[in-house]
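S.K.: Listed here are the chains, written in short residue letters.
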Amino acid sequence: MSHADPAARSDSASSHSAEARVALGYEPSAGRGDGRIWILKGGSHRVAGLSDTRKARLLSAVLDLKPEPGARLVLLGLEVDGLGPAERTALRARVAFLPAGGGLLSNLNAWENIVLPLGFHTPGRLRGGAGEVSDLLGGLGADPHALLPKLPERMSAYEKKLAGYVRILLENPELVLVEDLGGGLDAAERAGAAGFFPVYQARCPGGTFVQLEGSPEA
Amino acid sequence: MIGVYREFEGCMRLMGHVLRRLRVLALPPVTESLTRQIYFTGASATAGIVLRGALLGTLIIAYVIDVLDANSALAVKILLWVVLREIGPLIAAVLVIQRSGTAVVTELALMQISGEVTSLRRMRIDPRDYLVVPRVVGVALSTAALTFYVQVIAVGGGMLLSAITIDASLGQLANDFFLLASPVDFAYSMIKSLLFGVAIAVICCYHGLHPPGVSINAVPKAAINAVTQSTLLVMLLNVIFAYLVFGQAFFGLVTAKI
Chain A
962 MSHADPAARS DSASSHSAEA RVALGYEPSA GRGDGRIWIL KGGSHRVAGL
1012 SDTRKARLLS AVLDLKPEPG ARLVLLGLEV DGLGPAERTA LRARVAFLPA
1062 GGGLLSNLNA WENIVLPLGF HTPGRLRGGA GEVSDLLGGL GADPHALLPK
1112 LPERMSAYEK KLAGYVRILL ENPELVLVED LGGGLDAAER AGAAGFFPVY
1162 QARCPGGTFV QLEGSPEA
Chain B
2 MIGVYREFEG CMRLMGHVLR RLRVLALPPV TESLTRQIYF TGASATAGIV
52 LRGALLGTLI IAYVIDVLDA NSALAVKILL WVVLREIGPL IAAVLVIQRS
102 GTAVVTELAL MQISGEVTSL RRMRIDPRDY LVVPRVVGVA LSTAALTFYV
152 QVIAVGGGML LSAITIDASL GQLANDFFLL ASPVDFAYSM IKSLLFGVAI
202 AVICCYHGLH PPGVSINAVP KAAINAVTQS TLLVMLLNVI FAYLVFGQAF
252 FGLVTAKI
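Which chain is which? The protein sequence lines are A and B, in order. Just so you know, we're using my numbering here: the first sequence kicks off at 962 and counts up by one. Just so you know, we're using my numbering here: the second sequence kicks off at 2 and counts up by one.
Hints listed in this document are in silico derivations from the structure and should not be mistaken for laboratory results. Computed from a predicted structure; not experimentally measured. Be a bit skeptical, because a hint or two may be false.
[Claimed, not checked] Here are some chain B residues pointing at chain A (derived, C-beta under 8 Å): (1) 7; (2) 29; (3) 124.
[Unchecked claim] Over 12 Å on every C-beta distance to chain B, these chain A residues come out as not near it, computed from the model: (4) 1053; (5) 1093; (6) 1106; (7) 1147; (8) 1174.
The beta-carbon is built from N, C-alpha and C at its ideal position, and this holds for glycine as well.
All chains should be modelled from the sequences, with the hints used to inform the complete structure.
M.R.: Structure below.
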């Protein structure tokens, strides 16, 4: 696992060939005082020490593909600034985000939450979705029969993350951003969460897994 | 004033989005949401709404017959003009506002405040497609269905009551009613109730997605705004519709020069 410190950079952005190998490159606007984030494609990475404000700015830039004025965003080898609407939509489909709380809808059970994006973006895959979801949950050490009928209010913090994670895995993203992976979990659950990346790697070889961690003082 | 204009513009935009994106109803999650909405607004509410509607319709007939000392012809006219055309759709609309309108605005405002609407955006799902389209269509269809139930029961109850209180047989009243009623009356009330349902759902969805704050206190404020505005709009639509279709409004007090 590599560690991308906000104040440091791990590669040069000077050449186009270098950009092509970048999974997530973010250079905030001058005067913000934030460090650059420069993560190469593949493997698991951790961006630590993010304040809430900085994390929100980064997530807004990456997930809405709208960096602040003066900021620069390179995503999966593409400079976001010069992309047209269709290219942006296609690029955004290659990126997934797991919020700290799992990002589940409270009026849907785990199964409905997991297949919701599938139902919108690739409804044809819903038919074989049950087996795929069970396999993924089994691979992550969870019992699908116990978890899938539960509403979020009946789920633990770990189960919410698990359901949210399976939901994004179904879309086979090339870049996964995970917010505060170990937050709110006990030791056994943290050990379970440590198994998230290997499952992703097995499903999407060459994909990039980035953990976004807050800072204690933030 | 600017705030009112913005809300009106926002509701119109939301309405435009619903009309443009009706095809999303074919997507499985949206179909599921539509089914739930129809079940909640149209099916599970039926018993309570129809009973209350029928009671109100029958009471109106009872009062009018008593006060006006009505005969058979007048009782039938009242049933047709008041209950079938006006009271049926209005009662259904008011009860839909009370029950489903408040539920929709509260649910959406809570989803907005708790970040669930943002979660949908981050899943690349337009919240309007998933949350608004099935609710507007579901509430509109359910309002029309409830109107039909209310009309049948209120007119039936009114005829029974009229037969008891005035010197006329139930058969004679029914015969007079079907001679006087036309398909236009039925189409008028159905189209009107569909419009009522659309107006209620759009206003409630708009206020649910735009609560006046980010704290939990914003939820009841959004609900109050939605209920007040949708009630006013239903009344306004009723007057406009009556004037356009029959050239009269307020039960004939305002008459168009045709």
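S.K.: Given a cut of 8 Å on the nearest C-beta pair, is the interface hint for residue 124/B held or broken against chain A?
M.R.: holds (5 Å)
S.K.: Is the claim that residue 1053/A lies outside the interface with chain B correct, judged by CB distances over 12 Å?
M.R.: violated (6 Å)
S.K.: Go through the hint on residue 7/B and say holds or violated, using the shortest Cβ distance to chain A against 8 Å.
M.R.: violated (23 Å)
S.K.: Please verify that the nearest CB of chain B lies beyond 12 Å from residue 1106/A's CB.
M.R.: Holds, because the least Cβ-Cβ distance between residue 1106/A and chain B comes to about 21 Å, which exceeds 12 Å.
S.K.: Is it the case that residue 1093/A keeps its Cβ farther than 12 Å from each residue Cβ in chain B?
M.R.: holds (16 Å)
S.K.: Would the non-interface assignment of residue 1147/A survive a Cβ cutoff of 12 Å against chain B?
M.R.: The claim holds: residue 1147/A sits with its nearest Cβ about 24 Å from chain B, beyond 12 Å.
S.K.: Would the hint on residue 29/B be counted as holding, given a Cβ-Cβ threshold of 8 Å to chain A?
M.R.: Nearest chain A Cβ about 4 Å off; hint holds.
S.K.: Confirm or reject: residue 1174/A is not an interface residue toward chain B, with every Cβ-Cβ distance exceeding 12 Å.
M.R.: holds (19 Å)
Hint violations for this structure: numbers 1 and 4, all remaining hints satisfied.
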